[in-house]
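Engineer: The lines below spell out each chain.
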Amino acid sequence: MSTLLTRRKLITGLGLGGSSLMLSGCDPLGSSPKFEEMVLSSGNWLSYRVHRLIGSDALAPEYSASEMSPVFRTNGNTMPDSADYQRMASENFANWQLQVDGLVSTPKSYSLAELRNMPARSQITRHDCVEGWSAIGKWTGVPLALLLGEVGLKPQARYLVFHCADTFGLGTKYYESIDLVDGYHPQTIIAYGMNDEVLSVGHGAPIRLRVERQLGYKHAKYVMRIEAAADLASIGLGKGGFWEDSSGYDWYAGI
Amino acid sequence: MTANQTTAEDLSRRPAGGDLVKRHRLSTRVWHWTNAVVLLIMLMSGLMIFNAHPRLYWGQFGANPDHAWLEINGRNTPEGPQGYLRVGDITIVTTGILGLSKRADGRNNPVAFPAWATIPSDYNLALSRRWHLTFAWLFAGGILAYGVWSLVNGHVRRDLLPSRGELKPGHIWGDIKHHAMLKFPTGEAARHYNILQKGAYLLVLGILIPGMVLTGLTMSPSMDAIFPFLLDIFGGRQSARSIHFILAAGLVAFILVHLLMVLLAGPFNEIRSMITGRYRLPKEKS
Chain A
1 MSTLLTRRKL
11 ITGLGLGGSS
21 LMLSGCDPLG
31 SSPKFEEMVL
41 SSGNWLSYRV
51 HRLIGSDALA
61 PEYSASEMSP
71 VFRTNGNTMP
81 DSADYQRMAS
91 ENFANWQLQV
101 DGLVSTPKSY
111 SLAELRNMPA
121 RSQITRHDCV
131 EGWSAIGKWT
141 GVPLALLLGE
151 VGLKPQARYL
161 VFHCADTFGL
171 GTKYYESIDL
181 VDGYHPQTII
191 AYGMNDEVLS
201 VGHGAPIRLR
211 VERQLGYKHA
221 KYVMRIEAAA
231 DLASIGLGKG
241 GFWEDSSGYD
251 WYAGI
Chain B
1 MTANQTTAED
11 LSRRPAGGDL
21 VKRHRLSTRV
31 WHWTNAVVLL
41 IMLMSGLMIF
51 NAHPRLYWGQ
61 FGANPDHAWL
71 EINGRNTPEG
81 PQGYLRVGDI
91 TIVTTGILGL
101 SKRADGRNNP
111 VAFPAWATIP
121 SDYNLALSRR
131 WHLTFAWLFA
141 GGILAYGVWS
151 LVNGHVRRDL
161 LPSRGELKPG
171 HIWGDIKHHA
181 MLKFPTGEAA
191 RHYNILQKGA
201 YLLVLGILIP
211 GMVLTGLTMS
221 PSMDAIFPFL
231 LDIFGGRQSA
241 RSIHFILAAG
251 LVAFILVHLL
261 MVLLAGPFNE
271 IRSMITGRYR
281 LPKEKS
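Residue numbers (full-length UniProt numbering), protein chains in the order written: chain A, 1 to 255; chain B, 1 to 286.
What the hints contain is simulated information worked out from the structure, not anything from laboratory work. The model shown is predicted, which means the values in this text are computed figures rather than measured ones. Careful: at least some of the hints might be erroneous.
[To be verified] Okay, the calculated bits of chain B under chain A, using three or more residues with CB under 8 angstroms as the criterion:
(1) 77-87
(2) 214-223
[Said to hold, decoys possible] Computed far set for chain B versus chain A, every beta-carbon distance over 10 angstroms:
(3) 162
(4) 179
(5) 194
(6) 208
(7) 237
[To be verified] Some residues of chain A that are not near chain B, with every Cβ distance over 10 angstroms (derived):
(8) 103
(9) 121
(10) 168
(11) 232
Idealized CB from N, CA, C, for every residue including glycine.
Please put together the full structure from these sequences, using the hints given.
Structural biologist: Here is the structure:
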C-alpha cells in the first residue's frame, strides 16, 4: 500500500512539479551566456542555413500602390545628434559622400547626385519591425550589386558592413552587416527615395539600406560608409550590428 | 502476480472494467510529454514577444497609426495608472493582470502580459525570440513527425477519425450530456475515445497546431519570400499574427479543459497511461 501511495504521488506530482520546476528554471537558463549561445541561438542558426539552402534567390513580395500604409511610422533614431550630420542635412547633403571600401579592389566614394544618376530600382515592400508591426512603403534607390560591381570585392570578402551617422546611448555608432547573398540580391538597394519623395531625415536621409527579406533593424539608416569585410569579429563588439552587440538580437533577422 | 495481470484464459474474453489494458503507444507518449514542455515554452515566450507590440491588426500591414482590433496596454487616469484590454470598441480594465501588473519585488510592470506568464520574466524581446524561435523547430518537427507517423501506423484512422454512427447528432448530443453530468465511460467502452475527445484531438492535431506553425512561418519576411502563398492563405502578415494569437488562445483553452478532464477522470490512472502506456479500465457500474 505504501509503495502504491508513493508511486501515485510520484506520478501525479510529475505533471505539476515538473512544470513548476521548468518555469522557475527558464530565467536562470536564459541568463546563462553559455546556454543562450549553445542552445537558444541554435534555432536562428538553423533558420539561416535552411533559408539560404532553399531560397537564397527568392524575392520578397512586392505590393501595389493601393496596398501601401497611409502613414509609415518612423522608429529608432529620427535625428542623428552629431553636429557633422546636422550640418550636412542643412546643406541638403550636397557635401555628403558615401565611402565604399574595405576588402575591395578600388575603394570609391559617391556623392548623392552620383547615386541618383545611377540606374535605379523602385519597389513597394513590407517593412517588418522585430517588435511585430508592419508598414508598406515604396523605396527607390541604387541596387547595391551595382556599387559592388564598381568597387570589385576581393575574394576574402564575406560580409558588407554599414557604418551609420547616428548613435544610441553612450555614443556607439549604429552599424549593421549582411552576407553577400543579401548584398547581391536584386531587391537590396541603397534607398534615397521613399513614397515618391526624397528620403526624409526621420527615415534615414540621405540613404538607408533596404534588405527586404530581413527585419527592420537590419535596414541601416544614415549610412555613411560601406565596408567589405572577411569577418565581423573585429567590428564593434563582434556580433555584426549595434542591436546584436548591445541587446542580443540575432544577426540573421529573416524570421 | 496481481489479480489483474492477463493470464492465458483471460485472452479469450474482451477486456472488462478493472483490467489493465494497453492504451497509448510509445510515439503518442513521447510526443505528448515533449509537447507539454515545448508548448509551455512557446506560449510563455510568445506572450513576451507580444509584449513588444501589444496590438493586433487585420491585413498585410499594421502599425501604431493603423486601427488595431485588439490592444492590451496601460494608461494614466485621474485615479492613477490602469491596465486595460480593448477588443474592438469594448474596453475592460485589467489592472493587476493585463496591461499593468506587479513584478515579484512589488514594482509596477507596465507590459501587456505579467511577469509570471512570460519567458523571460522581465521584458526582453531578444531573449524571448531566441526561446521561441529555437523551440519552434521542436514544435514544428514534432507535429510533422507525429502527424506522419500517426497516419502511417493507423492511429488517425483507428483511434481518431469518427465513425459514421458517431457523427449522428443524437450520438454527439448524448455524449455532450454524459460529459455535462460527468458520467465517464466504463469497462470496454472506456478503451476508445468518445466523439468529443476525437473532435478535440483532431482539432488540436489537424488545425490548431499546424495553424500555429503556418501562421508563425508567415510572420517571417524570409519565409514570405520563399513561400509567398502563405500570405494568400492567411490574408497578410498582420492577419497571420492575429490568427497566431487566436489559435494560441484556443490551445490554452484546450489545455485547461484537458487538465480538468484528467483530474475528473482520475489523475493517477490517466497520467500513468501517458507514462507507461497502461490504463486500468474503470469498473462497470452495477
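Engineer: Each hint: holds or not?
Structural biologist: Going down the list of hints, with the structure as the test:
Check result for the stretch 77-87 of chain B against chain A: violated, 0 residues qualifying (beta carbon to beta carbon below 8 angstroms, three or more required). Requiring three or more residues with a Cβ within less than 8 angstroms of a Cβ of chain A, the coverage given for the stretch 214-223 of chain B holds, as 5 such residues are present. Under the 10 angstroms C-beta cut-off, the non-interface status given to residue 162/B relative to chain A holds; the minimum distance is some 28 angstroms. Every beta carbon of chain A lies more than 10 angstroms from that of residue 179/B, the smallest distance being close to 22 angstroms; the non-interface claim holds.
Distance to chain A confirms residue 194/B as a non-interface residue, since its nearest Cβ pair spans about 22 angstroms, more than 10 angstroms. Distance check for residue 208/B against chain A: the nearest CB is about 20 angstroms away, which clears 10 angstroms, and the non-interface claim stands. The Cβ of residue 237/B sits about 5 angstroms from the closest Cβ of chain A, inside the 10 angstroms cut-off, so the non-interface label is violated. With a minimum CB-CB distance of about 26 angstroms to chain B, residue 103/A clears the 10 angstroms threshold, and the non-interface call stands.
Look at residue 121/A: its CB is around 16 angstroms from the nearest CB on chain B, clear of 10 angstroms, so calling it non-interface holds up. Consistency note on residue 168/A: stated as away from chain B, and its beta-carbon is indeed over 10 angstroms from all of that chain's, at 15 angstroms minimum. Listed as a non-interface residue, residue 232/A keeps its Cβ farther than 10 angstroms from every Cβ of chain B; the least gap is roughly 17 angstroms.
Hint compliance for this structure: hints 1 and 7 are not met, and every other hint is.
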